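Trainee: Listed below are the residues making up each chain.
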Amino acid sequence: VVNLTTPVPLDAGILAVLDLGGAFVFALSGALLATRKRFDIVGLVVLAELTAIGGGIMRDVVIGAVPPAALASASYVAIAFGAAVLTFFFHRPLEWLARPVLFFDAAGLALYCVAGTSKALAYGIGPLPAIALGVTTAVGGGVLRDLLAGETPTVLRRDSELYAVPAFVGALIVVATHSQHIYDAPAAGAAVGTAFGLRILALWRNWRAPAPRVRAGPEER
Amino acid sequence: VVNLTTPVPLDAGILAVLDLGGAFVFALSGALLATRKRFDIVGLVVLAELTAIGGGIMRDVVIGAVPPAALASASYVAIAFGAAVLTFFFHRPLEWLARPVLFFDAAGLALYCVAGTSKALAYGIGPLPAIALGVTTAVGGGVLRDLLAGETPTVLRRDSELYAVPAFVGALIVVATHSQHIYDAPAAGAAVGTAFGLRILALWRNWRAPAPRVRAGPEER
Amino acid sequence: VVNLTTPVPLDAGILAVLDLGGAFVFALSGALLATRKRFDIVGLVVLAELTAIGGGIMRDVVIGAVPPAALASASYVAIAFGAAVLTFFFHRPLEWLARPVLFFDAAGLALYCVAGTSKALAYGIGPLPAIALGVTTAVGGGVLRDLLAGETPTVLRRDSELYAVPAFVGALIVVATHSQHIYDAPAAGAAVGTAFGLRILALWRNWRAPAPRVRAGPEER
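These protein sequence lines map, in sequence, to chains S, E and Y. Here the first sequence stands for residues 5 to 225, numbered as in this note's numbering. Here the second sequence stands for residues 5 to 225, numbered as in this note's numbering. Here the third sequence stands for residues 5 to 225, numbered as in this note's numbering.
Careful: at least some of the hints might be erroneous.
Label-pair distances were calculated between CB atoms; the ranges are [stated by the list, open to error]: (1) 185(E) <-> 211(S): 55 to 63 Å; (2) 218(E) <-> 214(S): 31 to 39 Å; (3) 107(E) <-> 104(Y): 51 to 59 Å; (4) 42(Y) <-> 205(S): 18 to 26 Å; (5) 194(S) <-> 89(Y): 23 to 31 Å; (6) 106(E) <-> 163(Y): 29 to 37 Å; (7) 99(Y) <-> 126(E): 46 to 54 Å; (8) 101(S) <-> 205(E): 34 to 42 Å; (9) 107(S) <-> 156(E): 26 to 34 Å; (10) 183(Y) <-> 104(E): 32 to 40 Å; (11) 180(S) <-> 104(Y): 36 to 44 Å; (12) 162(E) <-> 211(S): 31 to 39 Å; (13) 163(E) <-> 100(S): 26 to 34 Å.
FYI, nobody ran anything at the bench for these hints, they're computed from the structure. The structure displayed is predicted, hence computed values, not measured ones. A virtual CB, placed ideally from N, CA and C, is assigned to each residue, including glycine.
Take these sequences, add in the hints, and give me the full structure.
Mentor: Shown next, in the form of structure tokens:
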């Protein structure tokens, strides 16, 4: 979730489409999980809203940008509400769209991490914490969604195809180019593109992040 | 949790009684859940405090009203602590009071949603996000309580008798009358009364919110 | 997590060592839990960061000290990242260090509760809420760690050897001496020492906090 006045050097029109598109797709993922969990319409709306705007609200609250961009305009709340209502009536065809949704989710992930890191830097946060906040923006909503639904957060699971890693790389590119004073529209575009491409590649090749070697044992679960 | 200086156009004395009463009853629900979960006195206090003041703190942090009203005076923390100690010694008779507690819980829900929406509007939040924050104020503490206790949040469950819906309706009345510049003490009272009445009706008639039609399957668990 | 400019009347050098040491040990506890849960390196980093800086960020956001001390310098994020990487390669010897880790965890608990209470008082929070925030600083990161890992939070469990109680006592000493205008370096040291000693004693003697008497029944599970 980005405020269009934040210094993300991208064409505002493109940015708005990607940003609201990301919110919509994140909201769909929340509403679909709520459906699988047999929650009612209230549960669908709550999970849709939290997934779409939770990460951005966390970032804005932490950097002192209150009220958060996601609540300063009605667009995000309305779009997530719409996604929940849509899922209520059409969850079966939407489940068939699982692959396209992953595509848009990758786009949302890529845009949110770049926008989140940019906004943190603009608020005077240092490079390393800015990366942490960029990743939080991208994955925070999904963590809230999974926590409330009683699932292990996707971002922590081994079979999540690197979920947080592309966000980390995108945030790293922003911070690196920013520190060299060469962070501009093409650099932001490159960061979004790299994060997006990496996520798509990881999904396609089924990549996994390394995990510590642990002997099988009673601790396993 | 309301600061008495917020522009909730209700008699301050009545408001304070309802507000602290709501905090007390929410705290009881937290401490009773902790007892059923076999937590110790520390767990009782933690769940009592979070249930009573968690929703209001979320709202205040998000709108930039820091320190939150719930921490600006000692009353809320003290009342929740008292509810935990009371539950520690008298949880068995308190369990017998389950029905009256639901009555007060409905009162807390109704007051918190109206007060939360009013405060959000007073801080310049737009109508739709103000409704979201009003509902968050009313149900946020309960969500924290359920998360920490390892339960599916009441607000998401089908058998919760509309829990969030009366809060939504109360918030909607506040926003609608506010947009027509007719939000005053009677309007606020009507919003509280409607939310309260709807919740009591839903409990009495065992109403449920609609849920998506899902075929039975492996996801059902 | 303390900002060295906060009015904690302790030698700044000693404080920094204890504070960063506390962050490191809390991060280790997060990364080790992630390893036992079979999370990948991303999960190790996320749990390490949240455990180390989550409690301090909660406190700072609530009192309006944004950006939080934990993000105003790179030290905390970097130290927690280092603890995660260390755990990735050396988790087996680190598991053998469980006892020493408990020793440092007690030190972190004691320092965080005193520093958190002091900072809350410095921001004009009243005595009772300041105690609540001091305890939150000390135990908040661990609660986030346990929630994300799908465990019952340590602080709520009966077999946690009083985990939150020493933090409460430390915070109480700070508030009591502060209210008598005798809060200075020795008083802060006494508070840290008392909290630390109480925690070590509780671990050694296997103390437990009292719990409500509940008859065995279907709720026990």
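Trainee: Could you run down the list of hints and mark each one as holding or not?
Mentor: Going down the list of hints, with the structure as the test:
1. 185(E) <-> 211(S): 55 to 63 Å: holds (57 Å)
2. 218(E) <-> 214(S): 31 to 39 Å: holds (37 Å)
3. 107(E) <-> 104(Y): 51 to 59 Å: Holds - the Cβ-Cβ distance for residue 107(E) and residue 104(Y), about 53 Å, lies within 51 to 59 Å.
4. 42(Y) <-> 205(S): 18 to 26 Å: About 24 Å separates the Cβ atoms of residue 42(Y) and residue 205(S), which means 18 to 26 Å holds.
5. 194(S) <-> 89(Y): 23 to 31 Å: holds (27 Å)
6. 106(E) <-> 163(Y): 29 to 37 Å: Holds: the Cβ-Cβ distance is about 33 Å, inside 29 to 37 Å.
7. 99(Y) <-> 126(E): 46 to 54 Å: 53 Å Cβ-Cβ, so the 46 to 54 Å window holds.
8. 101(S) <-> 205(E): 34 to 42 Å: holds (38 Å)
9. 107(S) <-> 156(E): 26 to 34 Å: Since the Cβ atoms of residue 107(S) and residue 156(E) sit about 30 Å apart, the hinted range of 26 to 34 Å holds.
10. 183(Y) <-> 104(E): 32 to 40 Å: 38 Å Cβ-Cβ, so the 32 to 40 Å window holds.
11. 180(S) <-> 104(Y): 36 to 44 Å: Since residue 180(S) and residue 104(Y) have Cβ atoms about 38 Å apart, the given range 36 to 44 Å holds.
12. 162(E) <-> 211(S): 31 to 39 Å: Distance hint for residue 162(E), residue 211(S) holds at roughly 38 Å.
13. 163(E) <-> 100(S): 26 to 34 Å: Since the Cβ atoms of residue 163(E) and residue 100(S) sit about 30 Å apart, the hinted range of 26 to 34 Å holds.
Checked against the numbered hints listed earlier, the structure breaks none of them; every hint is satisfied.
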